[in-house]
Amino acid sequence: DAKTTQPTSMDCAEGRAANLPCNHSTISGNEYVYWYRQIHSQGPQYIIHGLKNNETNEMASLIITEDRKSSTLILPHATLRDTAVYYCIVRAERGLSNFGNEKLTFGTGTRLTIIP
Amino acid sequence: DTAVSQTPKYLVTQMGNDKSIKCEQNLGHDTMYWYKQDSKKFLKIMFSYNNKELIINETVPNRFSPKSPDKAHLNLHINSLELGDSAVYFCASSPSGFSGGPTDTQYFGPGTRLTVL
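Top to bottom, those sequences are chains A and B. According to our numbering, the first sequence holds residues 1 to 116 in order. According to our numbering, the second sequence holds residues 1001 to 1117 in order.
It is worth saying that the hints were derived from the structure and are not from the lab. Ideal Cβ placement from N, Cα and C applies to all residues, glycine included. A few of these clues could be false.
Simulated crosslink set (DSSO-like; lysine-lysine; CA at most 30 angstroms straight-line) [what the hints assert, rightly or not]:
(1) B:1071 to B:1022
(2) B:1040 to B:1022
(3) A:69 to B:1044
(4) B:1009 to B:1041
(5) B:1041 to B:1067
(6) B:1036 to A:3
(7) A:69 to B:1036
(8) B:1071 to B:1041
(9) A:3 to B:1044
(10) B:1040 to A:69
(11) B:1040 to A:3
(12) A:69 to B:1041
(13) B:1044 to B:1022
(14) A:52 to B:1044
(15) A:3 to B:1041
(16) B:1022 to B:1067
(17) B:1009 to B:1036
(18) B:1022 to B:1041
(19) B:1036 to B:1067
(20) B:1044 to B:1071
If you anchor each label on the Cβ, the simulated ranges turn out as follows [unchecked claim]:
(21) B:1008 to A:58: 31 to 37 angstroms
(22) B:1054 to A:14: 42 to 48 angstroms
(23) A:8 to B:1022: 32 to 38 angstroms
(24) B:1079 to A:17: 45 to 51 angstroms
(25) A:28 to B:1059: 23 to 29 angstroms
(26) B:1070 to A:5: 38 to 44 angstroms
(27) A:19 to B:1039: 28 to 34 angstroms
(28) A:57 to B:1010: 30 to 36 angstroms
(29) A:108 to B:1012: 25 to 31 angstroms
(30) B:1079 to A:21: 41 to 47 angstroms
(31) A:39 to B:1010: 15 to 21 angstroms
Between the sequences and the hints, there should be enough to build the whole structure, so can you do that?
This is how it looks when you write it as structure tokens:
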């Protein structure tokens, strides 16, 4: 079962920042927050992940609350090509007990539509 | 410079047939996965292999038999196809291994749309 809760859908105007929330109130201390997206008819694409600190890369920023019970993915300047389903996933860090078992458990995600 | 490739992209077949989907990754990764995305768009893990050894089998019917001839390939063979097998199948790979860090990223292929008539 997915351990995250996300809004079903969101709209964002082109050129504006898209802020996608995710609740993960039962997250454990060794679990990371991952974000993937799936553009129509394509395979899921990795965006970003983090543990405690905020993270930024060329695609997005990830803001994780201090209690780690929620996070927000930020696409700073959304374009039409960012229209996709965005998945927030929590996953334990790799250890001997789960080595090789690094499956991703996808929920229903948020369908983000960028409006021209 | 394709990272994870799958063939075929589309597969249409009759019920009861046997078919295979091939996956190859040129990223040098240790672990490969098969996921299934059904008509309701739920994406679920089916199998994972690490260095040609089966690690995860998520209660998939034994009509599905993954085969990993080497670390770069993970093929999915399906016997006696049923209507409910119609879905998009995604292959993925990740660099997990003893030399890896605490986390890794999975890279997905473009998917194979299987339609069983």
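Report the numbers of all earlier hints that the structure fails to satisfy, in ascending order. none
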